[in-house]
Amino acid sequence: MMTPGVDLDFRPTVPAFDANAALGRRHDRRVAVDDAAGLLAEMDRAGVERALVYAPHAAAFDSAEGNAGLLEAIGDESRLAPQFVCNPPFDDLDETAAQIEAADARAVRMVPTLHHYPFRSWVVGGWLEWLSARGIPLWLPASYETNWHDGADLDAHAVHETVRQFPDLTVVLCEVHYVQASWAPPLLRSLPNLSIEVSRYVIADGIAQLLGIVGPGRVMFGSRFPEQAIAPQLYHLHRLGLNETDLRAVCGGNLARLLRM
Amino acid sequence: MDTPVIDFHSHAGSWGRYGVDADCDLYLKVMDAAGVDRTCINCIWFGDARRGNDLVMEYVKQAPDRFIGVAFATPHYPEEAVKELERAVHELGMAYVKIYPDYFGRPNDDPAYFPIYEWVDEHEMAVMCHATYPFDPPGTTIEGRFTALSDRFPNMRWVMAHTAGTLDADAAETARVLPNVYMETCSSRTALGATEFNVERAGEDKVLYGSDMALMDARQQIAKVVTADIPRRAKEKILGLNAIRLLRLDGPAKGGAI
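Line order of the protein sequences matches chains A and B. All the letters of the first sequence, read from the start, carry residue numbers 1 to 261 under our numbering. All the letters of the second sequence, read from the start, carry residue numbers 1 to 258 under our numbering.
Take the hints with a grain of salt, since some may be wrong.
Examples of chain B residues lying across from chain A (beta carbon under 7 Å, computed) [to be verified]:
{"#": "1", "residue": "Cys24"}
{"#": "2", "residue": "Asp25"}
{"#": "3", "residue": "Leu26"}
{"#": "4", "residue": "Ala33"}
{"#": "5", "residue": "Ser188"}
{"#": "6", "residue": "Thr190"}
{"#": "7", "residue": "Met213"}
{"#": "8", "residue": "Arg219"}
{"#": "9", "residue": "Gln220"}
{"#": "10", "residue": "Ala223"}
{"#": "11", "residue": "Val226"}
{"#": "12", "residue": "Thr227"}
Take a look, some chain B residues computed to stay more than 10 Å from chain A by CB distance [to be verified]:
{"#": "13", "residue": "Glu58"}
{"#": "14", "residue": "Val82"}
{"#": "15", "residue": "Arg152"}
These aren't lab readings, by the way, just hints derived from the structure by calculation. Cβ atoms here follow ideal geometry from the backbone N, Cα and C, with glycine treated the same way.
Pulled out of the complex, with its shape left as it was, chain A reads as follows (with noise of 0.2 Å):
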């Protein structure tokens, strides 16, 4: 019997906007591509138009000196969208608000497992008010991996109290791995706030049933470049049997909407 439904020649055929991209040198081991050049080329070659980044330096060591890497990196290349990083115990709340709208940053990352701090209101919750009144998503990586740091998960009930006192702020789940899967479809289903990027989210039909849940419009592809490949991922989605509208808005439209580009 023969299969023809592998296509060696795949391209993507709806507008690709990768949800989770880094940009820059990590200090805990050398990545394949560091610079927006060899970003922009990946992107060419697997059929991705634009890409939400981050910096690497500014979730492990210091958001302001990472985020303003990350501006320098991306110069003036309109394809790639800053994330900044925030770490609210540390960060002062005015002054990295300028800094975001100075630099027209669409979206903000907090990674309260590396930064070692509760998401509670608490601690987040005058940075989650901000956000919310400006329209701007937050990203909520589900783990965080350094060599020097174990990668503990979220704590999903924190995010779960936390995030629905804010029904107004869009929040992203990403970099979800099949061992959160215990957790992740249930916090989607009680936050109608909340969105997930799917980089890591390999385990068998599981996207097809995330969509189930959540609908197309709360899922989002990622790549988790330069860590993984950005294709792959792709692939699949188009591989789930969407329609081209579903396709289009997972691939894509869900990000640029809420980046409102």
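For chain A, the structure is supplied; the task is to place chain B on it using the hints.
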């Protein structure tokens, strides 16, 4: 693509811990969507290898033209292991052997495995297992491990599972220098350039596509090969032709005819 697509690595049965059900229809749906013709399927969930192997055969019987049964063998019960291999291969027609030393707490070159290997060697079959383990002694190298095993069991073939999650130079070099050692691709990571790295280092004849279904989705796992920056012929080999050669599926059929 007009060559067969064979998934070398998948699992039958439920894994409720991750929400995975024993759902053969879902399996076939995903295989169809991924473009997979046939899947090599094993069950390593049970301490009773016989029970797992029988479960595998339920899948094979439901779709004999789509599934290739793979035997599980465990040294936890040495008095049963070889007897069960005899049954799995000679009665059930299973095509190769899967071991899982992580469950045993000792690596795959531990002598407790040797009775299993002696039988496999005598039957000139293949074994798939991980290449490294958390409990490996310091200084262990993949090449050293499989060189010693190959010297001792010269008629066996080895497939190192999950060797495309990272750029593993030791694994790739092992597959390059040892003619009977192969690399298999499935991983929850999709390291940038891993397929290209393995083809360049080990050669396009030494890499096998696998998915780890039903834990991981065959559509996502096959995409690592499909979208890799390697020649078309290399993709055809990795996606099926190498498995056909390794399992001699173009000869007398095992586990269902191709």
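Hints and how they fare:
no.: 1; hint: Cys24; result: 12 Å, violated
no.: 2; hint: Asp25; result: 11 Å, violated
no.: 3; hint: Leu26; result: 6 Å, holds
no.: 4; hint: Ala33; result: 5 Å, holds
no.: 5; hint: Ser188; result: 6 Å, holds
no.: 6; hint: Thr190; result: 4 Å, holds
no.: 7; hint: Met213; result: 5 Å, holds
no.: 8; hint: Arg219; result: 4 Å, holds
no.: 9; hint: Gln220; result: 4 Å, holds
no.: 10; hint: Ala223; result: 4 Å, holds
no.: 11; hint: Val226; result: 6 Å, holds
no.: 12; hint: Thr227; result: 4 Å, holds
no.: 13; hint: Glu58; result: 18 Å, holds
no.: 14; hint: Val82; result: 33 Å, holds
no.: 15; hint: Arg152; result: 36 Å, holds
Going down the numbered hints, you'll see the structure goes against 1, 2, while the others check out.
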